[in-house]
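There are 2 protein chains.
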Amino acid sequence: MEPATTHVQQDSLLDNLAIVLVRPKIPENIGATARIAYNMGINTLLLVKESAPPREPMAKMATHKAAHLIDDITCFPTLAEALEDYNIVIGTTARRGRQRFVHQTPREMVTKLIPMLQGNRAAIVFGPEDTGLTNDDLKHCHMRSAIPTADFSSLNLAQAVAIHCYELYHGIIHAPKDMAPSPTLATSFELESMYSYMEESLLKIDFMEESGRHHWMGNIRHFLARLKLTSKDANIVRGVCKKFLQHRESTVK
Amino acid sequence: MEPATTHVQQDSLLDNLAIVLVRPKIPENIGATARIAYNMGINTLLLVKESAPPREPMAKMATHKAAHLIDDITCFPTLAEALEDYNIVIGTTARRGRQRFVHQTPREMVTKLIPMLQGNRAAIVFGPEDTGLTNDDLKHCHMRSAIPTADFSSLNLAQAVAIHCYELYHGIIHAPKDMAPSPTLATSFELESMYSYMEESLLKIDFMEESGRHHWMGNIRHFLARLKLTSKDANIVRGVCKKFLQHRESTVK
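Protein chains in written order, with numbering that gives the first Met the number 0: chain H, 0 to 252; chain A, 0 to 252.
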């Protein structure tokens, strides 16, 4: 028998994971996501959608045992709101090339994620069946994961979720027994607040023009995502920007 | 750019793989299987089913790009016939315990499979949605693969296929560049013929009783599967059993 502490650790790591489906079109895919998530020990499923889809087709695919995930689903109007409490956000994408972020395979992503999972909540985000995540969705993501495929790259949403849940569970059950807690990173809410003050400040000092804000903020997000900011870090940066803006407000006519 | 030879080898390894669905109930799952198989570079899909299911729901899930896999599907009345040309047969199962075969994860299975794949054709076999492979199906399998899950173990067929195809493709693209061809193993057809003569011989010499044949032949299959018999090996064993039976026929009154 394995020592009980192993299971306690595995459960606590699994509890720190959430699957986020952004604007899924087919309710059956939400059900299939609930089923595989539950099979792989992941019990949190978030939807970015105006309203909950009809229960019946979701519950049918979820099967009886995973039906509680369907009943517990939380819907958020925006991805930013869904992610507020999460410290690590992983965007899944089939697209390759042309992106600034380096794509990792799910296995590479999991290898990096697991040492950070003790003390941080991670969201794995999947886009709609037909289009995947938009660039605007992806700006919230600190890492990306792309399933390697042969030339034809168009995966079924529920199968892409299955492969990721499988890699996450596989990685967690094989994680070292006594992992040290990792520093708690800033939540998505804290980061977004920081970026918002930063963006305003950078516009005010003419570092960037209004038309270039998406481009430059994308670069800055990419750069800062690599730094793995803690809450304290994010609050310092946010505080500096806020003070600058207040100072400017009081001095510039 | 990677050298062309790598792709040649990857393609030849992928060409040696087939996905076999045994008595699938839901045509959409066959379509979803075609789609993920094609995405992962696997182009052979076999069905064990009396007749081909309706094309429409299969093709819809396969999507346009993988539709040719649906059109090329071959149906076999029995699993034995579907496997005749295959040298390595992997049975997938969710069940644990009580089996003689040691269960491996898909990753462990792929690690063992890939060095044998140059020169051998391998079939990955999946059972029906509700019941999985029967013990009778599993007797044709040389290896087993079970996806690790949390306590709740009941995977959607199309997602179980997805996880296996992903592991196969992942393993093949990361295989050493210059793998030596492995010895060609006996095909399932050659093995079944050998087992048939062996079973008859063992009954004749009262090694086992009629009522115990499944039990004993199961043990013998398990034992011989580990030996990885070549065609020549299987023909020698078959020849000895055949000669014994002829000899007995001519001497015993």
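No wet-lab data here; the hints were simulated from the structure. Incorrect hints may have been included.
Since the list gives no way to pick out one identical chain from another, each pair is judged satisfied if it fits inside one copy or across any two copies.
Unchecked claim - In silico DSBU-like links for lysine-lysine, alpha-carbon gap of 30 Å or less:
id, residue 1, residue 2
1, K242, K111
2, K24, K59
3, K48, K59
4, K227, K64
5, K176, K138
6, K176, K111
7, K241, K48
8, K59, K176
9, K227, K241
10, K203, K242
11, K24, K231
12, K64, K24
13, K48, K24
14, K231, K176
15, K24, K242
Quick rundown of the hints versus the structure:
For the identical chains of this complex, K242 and K111 are neighbours neither inside a copy (35 Å) nor across copies (61 Å), given an alpha-carbon limit of 30 Å. Proximity of K24 to K59 under the C-alpha cut-off of 30 Å is found in both arrangements, the shortest distances being 16 Å within a copy and 16 Å between copies. Taking CA atoms no more than 30 Å apart as the test, K48 paired with K59 passes in both settings, with 20 Å inside one copy and 25 Å between copies. For the homomeric pair K227 and K64, neither the shortest alpha-carbon distance inside one copy (37 Å) nor that between copies (40 Å) is at most 30 Å.
In this homomeric assembly, K176 and K138 never come within 30 Å of each other (Cα to Cα): the closest approach is 34 Å inside a single copy and 37 Å across copies. In this homomeric assembly, K176 and K111 come within 30 Å of each other (Cα to Cα) both inside a single copy, at 16 Å, and across copies, at 26 Å. Taking CA atoms no more than 30 Å apart as the test, K241 paired with K48 passes in neither setting, with 32 Å inside one copy and 68 Å between copies. In the homo-oligomer, the alpha carbons of K59 and K176 never lie at most 30 Å apart, since the shortest distance is 37 Å inside one protomer and 45 Å across protomers.
In the homo-oligomer, the alpha carbons of K227 and K241 lie at most 30 Å apart inside one protomer (21 Å), although the nearest pairing across protomers, at 70 Å, exceeds that limit. Taking CA atoms no more than 30 Å apart as the test, K203 paired with K242 passes inside one copy only; the shortest distance there is 13 Å, against 94 Å between copies. Proximity of K24 to K231 under the C-alpha cut-off of 30 Å is found in neither arrangement, the shortest distances being 39 Å within a copy and 55 Å between copies. Proximity of K64 and K24 under a CA criterion of 30 Å is satisfied in both settings, with 23 Å inside one chain copy and 21 Å between copies.
Only within a single protomer do K48 and K24 lie at most 30 Å apart by alpha-carbon distance; the minimum there is 10 Å, versus 32 Å between protomers. In this assembly of identical chains, K231 and K176 lie within 30 Å of each other by CA distance solely inside one copy; the values are 29 Å within and 47 Å between copies. With identical chains, the CA atoms of K24 and K242 are never at most 30 Å apart, being 44 Å at best within one copy and 65 Å at best between copies.
The structure fails to meet hints 1, 4, 5, 7, 8, 11, 15 from the earlier list, while all remaining hints are met.
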